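Work out the full structure: start from the sequences and follow the hints.
As you go down the protein sequences, you meet chains W and B in turn.
With my numbering applied, the first sequence covers 19 to 175.
With my numbering applied, the second sequence covers 2 to 435.
By construction, these hints were calculated from the structure, which means they are not laboratory data.
All values derive from a computational prediction rather than experimental measurement.
Note that beta-carbon positions come from the ideal geometry of N, C-alpha and C, so glycine has one too.
Keep in mind that the hints are not guaranteed to be accurate.
Said to hold, decoys possible - Keeping only pairs whose Cα atoms sit at most 27 Å apart, straight-line, the calculated DSS-like set for lysine-lysine is:
| id | chain 1 | residue 1 | chain 2 | residue 2 |
| --- | --- | --- | --- | --- |
| 1 | W | K137 | B | K435 |
| 2 | W | K39 | B | K215 |
| 3 | B | K42 | W | K137 |
| 4 | W | K119 | B | K42 |
| 5 | B | K34 | W | K96 |
| 6 | B | K155 | W | K34 |
| 7 | W | K60 | B | K197 |
| 8 | W | K119 | B | K340 |
| 9 | B | K215 | W | K34 |
| 10 | B | K48 | B | K155 |
| 11 | B | K340 | W | K137 |
| 12 | B | K285 | W | K166 |
| 13 | W | K55 | B | K196 |
| 14 | B | K319 | W | K60 |
| 15 | B | K59 | B | K319 |
| 16 | B | K34 | W | K119 |
| 17 | W | K172 | W | K157 |
| 18 | W | K34 | B | K196 |
| 19 | B | K261 | W | K166 |
| 20 | W | K157 | B | K435 |
| 21 | W | K137 | B | K197 |
| 22 | B | K42 | W | K34 |
| 23 | B | K197 | B | K215 |
| 24 | B | K155 | B | K34 |
| 25 | W | K96 | B | K197 |
| 26 | W | K137 | B | K372 |
| 27 | B | K196 | W | K39 |
Said to hold, decoys possible - With the Cβ distance kept under 7 Å, some of the chain B side facing chain W (calculated, not the full set):
| id | residue |
| --- | --- |
| 28 | G65 |
| 29 | G100 |
| 30 | F102 |
| 31 | E138 |
| 32 | F173 |
| 33 | G179 |
| 34 | K197 |
| 35 | G257 |
| 36 | P262 |
| 37 | L345 |
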Amino acid sequence: MLSQESLAQIERELTKYPTDKRQAAVMSALRIAQAEKGWLSKETIAYVAEYLGIPAIAALEVASFYNMYELEPVGKYKITVCTNISCMLRDSDVIVDHLNKCLGIGFNETTADGKFTLKEGECMGCCGGAPLFHINNTKMHEYLTPEKVDAILKELE
Amino acid sequence: MSVIQLTPHPKETLVTLRTIAESNPASIETYIKLGGYAQLKRLVTEKVKATDVISQVKVSGLRGRGGAGFPTGLKWSFMPRYYDGTKYLVCNTDEGEPGTFKDRDIIRYNPHQLIEGMAIAAYTLGARVGYNYIHGEIWQDYEIFEAALDEARKAGYLGENLFGTDFSFDLFAVHGYGAYICGEETALIESIEGKKGQPRFKPPFPASYGVFGKPTNVNNTESYASIPWILQHGGQAFQDLGVPNSGGPKIFSVSGHVEKPGNYEVRMGLPFSELLDMAGGVWKGRQLKAVIPGGPSTAVMPAAAIMAANMDYDSLSKAGSSLGAGSMIVMDETTCMVKALKRLSYFFFEESCGQCTPCREGTGWLYRVVKRIVEGQGKMEDLALLTDVSSNISGRTICALGDAAATPVLSFIKHFRPEFEYYIQHGKSMVDGK
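Here is the structure:
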């Protein structure tokens, strides 16, 4: 269900914990699975749970508790915009409006071509660089302006 | 991996960010060039007694930099000295309190000072394994820290039998994935164990029952990163960089309506007005309206009160708020406090872990009432209702998130009541007319 490369990454995470504490690796194992599959289906979650030797419900609890895991399919590029206080004070609403206009979607929606999903995020701990968003949970873009957003979107194939 | 080169402000006192002016700040070569890892080597090879290290940390006046301000040396003395099994060390780099972004700069600009600080703590407390739990959103910075760990292992500062002694310490990076509550130390421990981040009852405290049920010491990133400097220069030198009861310098994260948002590591006790100047002042030539001095779980302060305050624990507490994590959120005269409160209330509602009824239900209640005021459906009784709900959350939950959710509501209404009344009466904001 997961590629050899993903499994190798999960094995590397497992070395961080005592051998009888495989559940501890579930946070990173779900992240790795999501990076490969794009989102976490019930089957993927159950597979991760079985691989770690923990009940499926234990993995599902984690996948549904932390908001960077996706339990529904998302676009190729998931853009998560912070709108919390420090970003709000630096006009994150202008960035959100601009994204709404450029992509033709609102929060929790995906473009018809499956390319972009827009999400609203909570504080990302980078408030000095507000306004900001991250793409696919990995790449942070700070000090955003509508022009900068245009350039970033243009880069994404 | 490259990061933006920073230019420190001339008035900064760089301790935990002391590599930032260097051309390759995060590398092990840079850190060693500045005297890095010498303290770890000295303590371990000279077999300096743990009690001597702890007494220096106590003299330094270092208080927990994650927000609670608990004396670090005292916390260290809670760890059992003799324990037949593995003791753990945990670093809390799970910054999710809005306005807080200091630990991110430590792990991406000066990761080795954190590693050395943790290794010194491990030596002192007898911990065999450590975890640095990093906010999931800052993935690139997580990778920088992972790379630094590899460098430290290869250079012989982490691993087995360090410096040819019987001291061994393994340190690993682990990550959150979008849950503010994991900044609470017992929720963080649950998360390390691969569970939902729901806080545990205390006692037992982590020092007796922490990661995998073993004795665990949890400190903030900036606290650990202060340790090598304290041991290099002595506890008293660190204390002398601050004021009584607030030892050392501290990183203040300044965000919101200033010309130059960013981190400023300055001596404790600095007047807020000077810090504001360092951050370029209020942006666009506007007037200051209010500041949240330590993240939204600390009370908002009107301009006059904060302009008269100094950046230390006692001064801010006397002024009716607290230092928290030093997360200064600056708001100018165009800020609508009702709308700002709505966003903060939504945050606490969204991030409540759902374990305690007063918080799970109360945060939703607070948000819905503020929201209906912003939507023009508010009633004058709503202000009393908000105060009542807040008071019924405070002190009735396992962790501090409930109190944190109540604080902005109570302090915003206390200091900006006419704005709330106007909004209810007119169905629009007194500030922006919308």
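Query - Closest C-beta approach of F173/B to chain W relative to 7 Å, hint status - result: holds, 4 Å
**Report entry** Status of the G65/B interface restraint (C-beta, 7 Å, chain W)
**Finding:** violated, 18 Å
Query raised in the report: Regarding the pair K137/W and K197/B, is the alpha-carbon distance no greater than 27 Å?
Result: holds, 22 Å
**Report entry** K197/B paired with K215/B [C-alpha distance capped at 27 Å]
**Finding:** holds, 19 Å
Query raised in the report: Once the shortest beta carbon distance from E138/B to chain W is found, is it less than 7 Å?
Result: Since the shortest Cβ distance to chain W is 4 Å, the answer is holds.
Query raised in the report: For the pair supplied as a hint, K137/W and K372/B, is the alpha-carbon distance within the 27 Å limit?
Result: holds, 20 Å
Query - Given pair status - K34/W, K155/B, alpha carbons within 27 Å - result: holds, 17 Å
Report task. With a cut-off of 27 Å on the C-alpha distance, tell me whether K96/W and K197/B pass. Result -> Roughly 24 Å separates the two Cα atoms, so the pair holds.
Requested in this report: Below or equal to 27 Å on CA atoms is what counts here, so check K60/W against K197/B.
Outcome: holds, 18 Å
Query - Restraint check for K48/B with K155/B, where alpha carbons must lie at most 27 Å apart - result: Holds: K48/B and K155/B sit about 23 Å apart, inside 27 Å.
Query raised in the report: Is K59/B close enough to K319/B, meaning Cα to Cα at most 27 Å?
Result: It holds: about 24 Å lies between the C-alpha atoms, which stays within 27 Å.
**Report entry** Hint consistency between K42/B and K34/W [alpha-carbon to alpha-carbon, up to 27 Å]
**Finding:** holds, 24 Å
When each numbered hint is compared with the structure, violations occur for hints 3, 4, 5, 14, 16, 20, 28.
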